[in-house]
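Residues per chain are reported as follows:
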Amino acid sequence: MSDGAMPDLDPVIHAQARLRVTVALAALPDGDRITFPRLQSLLGMTAGNLSTHLRKLEDAGYVEVTKAYRRRTPVTYAALTETGRRAFTDYQAAVRALLDGPGDREETQ
Amino acid sequence: MEMASEERDDAAPLSAEASMELIERERASVGRRLGVNQAPIFAVWGVAFLVGWGACYLAAPGGPRVLPVWAAVVIVAVLYAVAIAVPIVLGVRAGRGVRGPSRLTGAMYGWSWALGFVALAAINTGLARQGLAPATISMLWAGTAQLVTGLMYLAGGMLWRDRVHYALGVWMLVVAALSVFAGMPGDFAVLALAGGGGFLLWSGLSVVTGRRR
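As they're listed, the protein sequences go chains A and B. Using this note's numbering, the letters of the first sequence map in sequence onto residues 21 to 129. Using this note's numbering, the letters of the second sequence map in sequence onto residues 16 to 228.
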């Protein structure tokens, strides 16, 4: 965390599946939320896989999952929280810093 | 060593390059499916103008008169209905499963088109009943329909902060004014060529810029 050091990549976001979920949610206009099935079809993920990753993002406070009832059927909505949006912005800045950082690019494998 | 798919996803190490690539790829793909592609919408409007107002020109008194007037009116009405329906269908499809402020904006924008044209029809019908000359009536319809269309594109440009969209609205307002000054049946030719041509040009522009909303 000290100044000048290579920024660490947020482990909550830095995993393929969760990064994809985050990008999709960040693409929504501010204040909008998306239903679980639509998000699933956008990402082409299985329901189990998506809910696992949504839960991890929710636990970190990055995603807000809400349930509503439409004609007695429960509908699950997901949206990026303010914290999540900020974390994603920071994550992108960190990735960019890694990419055009000074010479000693030490990649994990 | 079988792992659950979610575990495998987590285990896969992601380099900074791969991460950046993934963000860009995913953003483009999600944007394509959540956004409404403007190119086909402009294209449908372009054809509606070119063919619809072109038919009016061909039917108008003082023009070539190769088409009965009722046929021209039917063609314009049908093509306008299709051109109004296409963006609604595309918008509803793109917005599936999305709730929130942007849906309200989209719904209000859609209703503004409908309300604008309903009010326009009422006003023009009322004016026509006051005994306007047939040429004046046709110019009234052509000019005011164009005015509403132009204003709606200005509104769309404001809503989605899209200069290309806004510029199309400006062009449509120019066409509206030109059409009235062209007189009968030149007004129809102006709408067909300058209006329809404008839409087709903007459709091409949208393909080039890849802009969606």
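Derived from the structure by calculation, the hints contain no laboratory data. Keep in mind that the hints are not guaranteed to be accurate.
If we take Cβ atoms under 10 Å as the criterion, some of the chain B residues that face chain A in the derived model are [said to hold, decoys possible]:
id, residue
1, Val113
2, Ser117
3, Asp177
4, Gly198
Have a look at the derived ranges for each label pair, beta carbon to beta carbon [said to hold, decoys possible]:
id, chain 1, residue 1, chain 2, residue 2, range
5, B, Arg108, A, Ala88, 33 to 39 Å
6, A, Ala117, B, Ala122, 38 to 44 Å
7, B, Ala192, A, Arg91, 47 to 53 Å
8, B, Leu37, A, Ala88, 40 to 46 Å
9, A, Arg106, B, Val222, 32 to 38 Å
Keep in mind that this is a model prediction, so the values were computed, not measured. All C-beta atoms, glycine included, are put in the ideal place defined by N, C-alpha and C.
query = Is it true that the C-beta distance of B:Arg108 to A:Ala88 lies inside 33 to 39 Å, as the hint says?
reply = Given range 33 to 39 Å: violated, Cβ gap about 22 Å.
ask   = Close enough to count: is the Cβ of B:Gly198 nearer than 10 Å to one in chain A?
value = It is violated, given that the least Cβ distance between B:Gly198 and chain A is near 45 Å, above 10 Å.
inquiry  = Is 38 to 44 Å respected by the C-beta to C-beta distance linking A:Ala117 and B:Ala122?
reply    = holds, 41 Å
task = Go ahead and decide if the range 40 to 46 Å is satisfied by the Cβ distance of B:Leu37 to A:Ala88.
result = violated, 31 Å
message = Checking hints one by one. Is B:Asp177 an interface residue toward chain A, by the C-beta closer than 10 Å rule?
response = Because about 14 Å separates B:Asp177 from the closest Cβ in chain A, which is outside the 10 Å limit, the hint is violated.
inquiry  = Holds or violated: the 32 to 38 Å window for the beta-carbon distance between A:Arg106 and B:Val222?
reply    = holds, 35 Å
Satisfaction of the hinted span 47 to 53 Å by the C-beta atoms belonging to B:Ala192 and A:Arg91 = holds, 49 Å
message = Restraint: B:Val113 near chain A, CB-CB cut 10 Å. Satisfied or not?
response = holds, 5 Å
Chain A contact restraint for B:Ser117 - C-beta distance below 10 Å = Holds, about 4 Å.
This entry does not satisfy hints 3, 4, 5, 8, going by the numbered hints stated previously.
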